[in-house]
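For the sequence shown, this note's numbering begins at 1 and goes up steadily by one.
What the hints contain is simulated information worked out from the structure, not anything from laboratory work. Each hint should be verified, as a subset may be incorrect.
The calculated lysine-lysine pairs, modelled on DSS-like cross-linking and capped at a C-alpha distance of 30 Å, are [as the list claims (entries may be wrong)]: (1) Lys56 x Lys32; (2) Lys54 x Lys32; (3) Lys32 x Lys51.
Label pairs and their calculated CB-CB ranges [claimed, not checked]: (4) Leu8 x Lys56: 31 to 41 Å; (5) Thr62 x Met24: 10 to 20 Å; (6) Arg19 x Gln78: 16 to 26 Å; (7) Val27 x Gly49: 12 to 22 Å; (8) Ala31 x Phe69: 30 to 40 Å; (9) Leu66 x Glu6: 32 to 42 Å; (10) Ser20 x Ser80: 31 to 41 Å; (11) Val7 x Val27: 27 to 37 Å; (12) Gly49 x Ser80: 10 to 20 Å; (13) Ser76 x Val40: 26 to 36 Å; (14) Lys56 x Ser20: 29 to 39 Å; (15) Glu60 x Glu6: 29 to 39 Å; (16) Glu70 x Asp18: 16 to 26 Å; (17) Gln78 x Glu22: 19 to 29 Å.
C-beta: ideal position from N, C-alpha, C; glycine also.
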Amino acid sequence: MTRKKEVLPDFVLCIGDDRSDEDMFEVIMSAKDDGSLSPVAEVFACTVGQKPSKAKYYLEDTTEILRMFENLADASEQTSKTVSFSPQQQVINQGHGLSPILTTHASSLLE
């Protein structure tokens with residue numbers, strides 16, 4: 001009997017606005033190195049509001065968070081029709097998502 005191959009997550013989005021979330025940001029940012037995530041995983045840790053944080057990105061407020069989720073949902077829906085890009089990559093390509101190359105203020109990409 002063959003064992004089912006384990007599928008590791010390839011996209012992680014963490015959003016938090018409290019000191020207690022800093023531990024989550026630290027753990028999730030190191031998860032690729034410890035084998036908990038796919039080696040090609042996209043990891044986005046976002047704090048709410050611009051402030052010192054272990055998160056690499058920030059969103060100003062809940063309005064920006066909702067806009068980001070709407071854009072991710074739209075990209076996912078479009079991607080289900082065409083399989084050439086992952087939903088995350090499609091959002092980034094359209095300029096409506098989080099891109100580590102472009103900015104650390106995630107909301108500037110959501111417009």
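When the structure is checked against the list of hints, which entries are broken? Sort them ascending.
4, 6, 8, 11, 12, 13, 14, 17
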